[in-house]
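Trainee: Here the protein sequences line up with chains A and B, keeping their order.
Count the first sequence with this note's numbering and you get residues 1 to 197, in order.
Count the second sequence with this note's numbering and you get residues 198 to 331, in order.
Calculated directly from the structure, the hints in this document are not laboratory data.
Computed from a predicted structure; not experimentally measured.
Ideal Cβ positions, reconstructed from N, Cα and C, are used throughout, including at glycine.
Keep in mind that a hint or two might mislead.
To be verified - Pair by pair, the computed Cβ-Cβ distance ranges are:
| id | chain 1 | residue 1 | chain 2 | residue 2 | range |
| --- | --- | --- | --- | --- | --- |
| 1 | A | N164 | B | D240 | 49 to 57 Å |
| 2 | A | L77 | B | R286 | 34 to 42 Å |
| 3 | A | N97 | B | R288 | 35 to 43 Å |
| 4 | B | D308 | A | E166 | 28 to 36 Å |
| 5 | A | F191 | B | V226 | 50 to 58 Å |
Stated by the list, open to error - Think about it this way: if two alpha-carbon atoms lie no more than 20 Å apart in a straight line, the pair counts; the simulated EDC-like pairs of lysine to aspartate or glutamate are:
| id | chain 1 | residue 1 | chain 2 | residue 2 |
| --- | --- | --- | --- | --- |
| 6 | B | K321 | B | E235 |
| 7 | B | K310 | B | D240 |
| 8 | B | K304 | A | D133 |
| 9 | A | K91 | B | E278 |
| 10 | A | K91 | A | D78 |
| 11 | A | K82 | B | E265 |
| 12 | A | K194 | A | D94 |
| 13 | B | K261 | A | E79 |
| 14 | B | K261 | A | D133 |
| 15 | B | K310 | A | E41 |
| 16 | A | K91 | B | D260 |
| 17 | B | K310 | A | D34 |
| 18 | B | K310 | B | D320 |
| 19 | B | K261 | A | D145 |
| 20 | B | K241 | B | D289 |
| 21 | B | K241 | A | E59 |
| 22 | A | K82 | B | D263 |
| 23 | A | K82 | A | E61 |
| 24 | B | K241 | A | E81 |
| 25 | B | K241 | B | E278 |
| 26 | A | K82 | B | E235 |
| 27 | B | K304 | A | D34 |
| 28 | B | K321 | A | D145 |
| 29 | A | K91 | A | D175 |
| 30 | B | K321 | A | E45 |
| 31 | B | K321 | A | D35 |
| 32 | B | K241 | A | D143 |
| 33 | B | K261 | A | E83 |
| 34 | B | K321 | A | D169 |
| 35 | B | K261 | A | E59 |
| 36 | A | K91 | A | D143 |
| 37 | A | K82 | B | D240 |
| 38 | A | K185 | A | E195 |
| 39 | A | K185 | A | D175 |
| 40 | B | K261 | A | E81 |
Letter by letter, the chains look like this.
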Amino acid sequence: MTLRITHHDSDRVPRFVLLAPVILLIGACATIPDDAFRLSESALETRQLQTREYEGVTEIEILSASSAVLQDLGYALDEVEKELGVLSASKRADAKNAAETAGKIAMDVADCLLTIFLGCESDSFQSSKDVQDIKLTLVVLPDLDNSNAHTVRVTIQRVIWARNGELYDQETVNDADVYQAFFDKLSKSVFLEKESG
Amino acid sequence: MRILIVMTLLVLAGCATQTAAITAGGSQVELRQMQTREYDTLDKRGTLRSVVATLQDLGFVIDKADYELATISATKLQNYEIRMTVIVRQRDGDRLSVRANARFNEKPIEDPKSYQDFFSALDKAMFLTLHKVD
């Protein structure tokens, strides 16, 4: 039994060594995806869900209403450029999702059982999500057709970290509900800003 | 073993040409050319706003924006990371030049196609801005 395993292992090592340069080649010289700088087919749809129009308020009023909302949501402002209507903010938040974490733990346990002989107690549950760094940009643009109106576009990205400190995922948030929730809060804030101003 | 050496050489050769290109003669001019586009306008604000709008369209988040220095820095996160810096400068008194440079993960992008794609997206946004000015 033991002999057979040893034989198997010695068979595998040279194959891995042969593969290593290929993996290096792919990893080190990874090419840029074709669509990295191209508008995707869903670009218009994405733009719509990330954009709202506000009438009868100034750019500055929208920017201050936005920073108030971001403060409400616990963001720190990283960059404000009122000349260009740009505002960037970020926060670190919990990324744990009960259902996902449970699934991940189950997988880790299964992994653990499979590799029981190698010892895995330090690795268990470590690959589940832990925290996420969220970065948000809000841009106010004067409407080209209506001088009294401004469009507000928000884009959100996040980096999710696993409990073992490794990168879990990085993505642009495209969930319509997230943007809807944000704009609901912003609309209220713009209204308050207008009233108080 | 021989295969291993050949493969390792291939890896080294594949990556070496990319780094060598940075200091090789003539490539500096080429790089600037592919990274730069000129527009017949003096509307710095409109140009910068078009750059920001284009970057947002392409899925970037703005890290820094400075009107005075006319610079924009942005990041795109997908399964990869692209960082891009755009600088707008006045040229010959009647034109603005837009220069963009980007890196893909840890490597500078030196492939003309990426910049062509970026500028063709920017052209569309600039078209709207310029026609607004007229």
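Trainee: Each hint needs a verdict: does it hold in this structure or not?
Mentor: Going down the list of hints, with the structure as the test:
Checked against the hint of 49 to 57 Å, the pair A:N164 and B:D240 passes, with Cβ atoms roughly 50 Å apart. Hint check: A:L77 to B:R286, Cβ distance near 28 Å, so the stated range 34 to 42 Å is violated. As the Cβ distance of A:N97 to B:R288 is approximately 51 Å, the hint placing it in 35 to 43 Å is violated. The given range of 28 to 36 Å is respected by B:D308 and A:E166, whose C-beta atoms sit roughly 29 Å from each other.
For the pair A:F191 and B:V226, the beta carbons lie near 54 Å from each other, so the given range of 50 to 58 Å is met. Note on B:K321 and B:E235: the hinted pairing holds, with a Cα-Cα distance of about 14 Å set against a maximum of 20 Å. Proximity of B:K310 to B:D240 is assessed by CA-CA distance (about 27 Å); at most 20 Å being required, the pair is judged violated. A threshold of 20 Å between alpha carbons decides the hint, and for B:K304 with A:D133 the separation of about 23 Å lies outside it, so the pair is violated.
A hinted pair counts as satisfied when its Cα atoms are at most 20 Å apart, and A:K91 with B:E278 qualifies at roughly 19 Å. As the CA atoms of A:K91 and A:D78 are separated by approximately 10 Å, the hinted pair is consistent with the 20 Å bound. Restraint check: the Cα-Cα separation between A:K82 and B:E265 comes to about 11 Å, which is no more than 20 Å; the hinted pair holds. Restraint check: the Cα-Cα separation between A:K194 and A:D94 comes to about 34 Å, which exceeds 20 Å; the hinted pair is violated.
For a cut-off of 20 Å, the pair hint linking B:K261 to A:E79 stands: about 6 Å separates their Cα positions. Under the criterion of a C-alpha separation no larger than 20 Å, the hint pairing B:K261 with A:D133 is consistent with the structure, at around 17 Å. Taking the CA atoms of B:K310 and A:E41, the gap is about 19 Å. The hint holds against a cut of 20 Å. The hinted pair formed by A:K91 and B:D260 meets the criterion: a straight-line CA distance of about 14 Å does not exceed 20 Å.
Restraint check for B:K310 and A:D34: satisfied, since their Cα atoms lie roughly 9 Å apart, inside the 20 Å limit. Straight-line distance between C-alpha atoms of B:K310 and B:D320 comes to about 15 Å, which keeps the hinted pair within the 20 Å bound. A threshold of 20 Å between alpha carbons decides the hint, and for B:K261 with A:D145 the separation of about 28 Å lies outside it, so the pair is violated. Of the supplied pair hints, the one linking B:K241 and B:D289 holds, its CA atoms being roughly 14 Å apart against a limit of 20 Å.
For the given pair, B:K241 sits about 18 Å from A:E59 by alpha-carbon distance, which is consistent with the 20 Å threshold. A threshold of 20 Å between alpha carbons decides the hint, and for A:K82 with B:D263 the separation of about 9 Å falls inside it, so the pair holds. Under the criterion of a C-alpha separation no larger than 20 Å, the hint pairing A:K82 with A:E61 is consistent with the structure, at around 11 Å. Taking the CA atoms of B:K241 and A:E81, the gap is near 14 Å; set against the 20 Å cutoff, the hint holds.
Restraint check for B:K241 and B:E278: not satisfied, since their Cα atoms lie roughly 28 Å apart, outside the 20 Å limit. Between A:K82 and B:E235 the alpha-carbon distance is near 25 Å, which puts this suggested pair outside the 20 Å criterion. A distance of roughly 16 Å separates the Cα atoms of B:K304 and A:D34; the hinted pair therefore holds under the 20 Å criterion. A hinted pair counts as satisfied when its Cα atoms are at most 20 Å apart, and B:K321 with A:D145 qualifies at roughly 17 Å.
Taking the CA atoms of A:K91 and A:D175, the gap is about 18 Å. The hint holds against a cut of 20 Å. Distance check on the hinted pair: B:K321 and A:E45 sit about 17 Å apart at the alpha-carbon level, within 20 Å; holds. For the hint pairing B:K321 with A:D35, the CA-to-CA distance comes to about 17 Å; that is within 20 Å, so the pair holds. With a C-alpha separation of about 17 Å, the suggested pair B:K241 and A:D143 falls inside the 20 Å cut-off, and the hint holds.
Note on B:K261 and A:E83: the hinted pairing holds, with a Cα-Cα distance of about 13 Å set against a maximum of 20 Å. Only pairs whose Cα atoms come within 20 Å are accepted, and B:K321 paired with A:D169 is rejected, the gap being roughly 32 Å. A C-alpha spacing of about 19 Å is found between B:K261 and A:E59, which places the hinted pair at or below 20 Å, so the restraint holds. Of the pairs offered as hints, the one joining A:K91 and A:D143 is violated, with about 30 Å between alpha carbons and a cut-off of 20 Å exceeded.
For a cut-off of 20 Å, the pair hint linking A:K82 to B:D240 stands: about 17 Å separates their Cα positions. Using a Cα cut-off of 20 Å, the hinted pair A:K185 and A:E195 holds, with the two alpha carbons roughly 16 Å apart. About 16 Å separates the Cα atoms of A:K185 and A:D175, which keeps this hinted pair within 20 Å; it holds. Distance restraint check for B:K261 and A:E81: the Cα-Cα separation of roughly 8 Å lies within the 20 Å cut-off, and the hinted pair is therefore satisfied.
Of the hints listed earlier, those the structure fails to meet are numbers 2, 3, 7, 8, 12, 19, 25, 26, 34, 36, in rising order.
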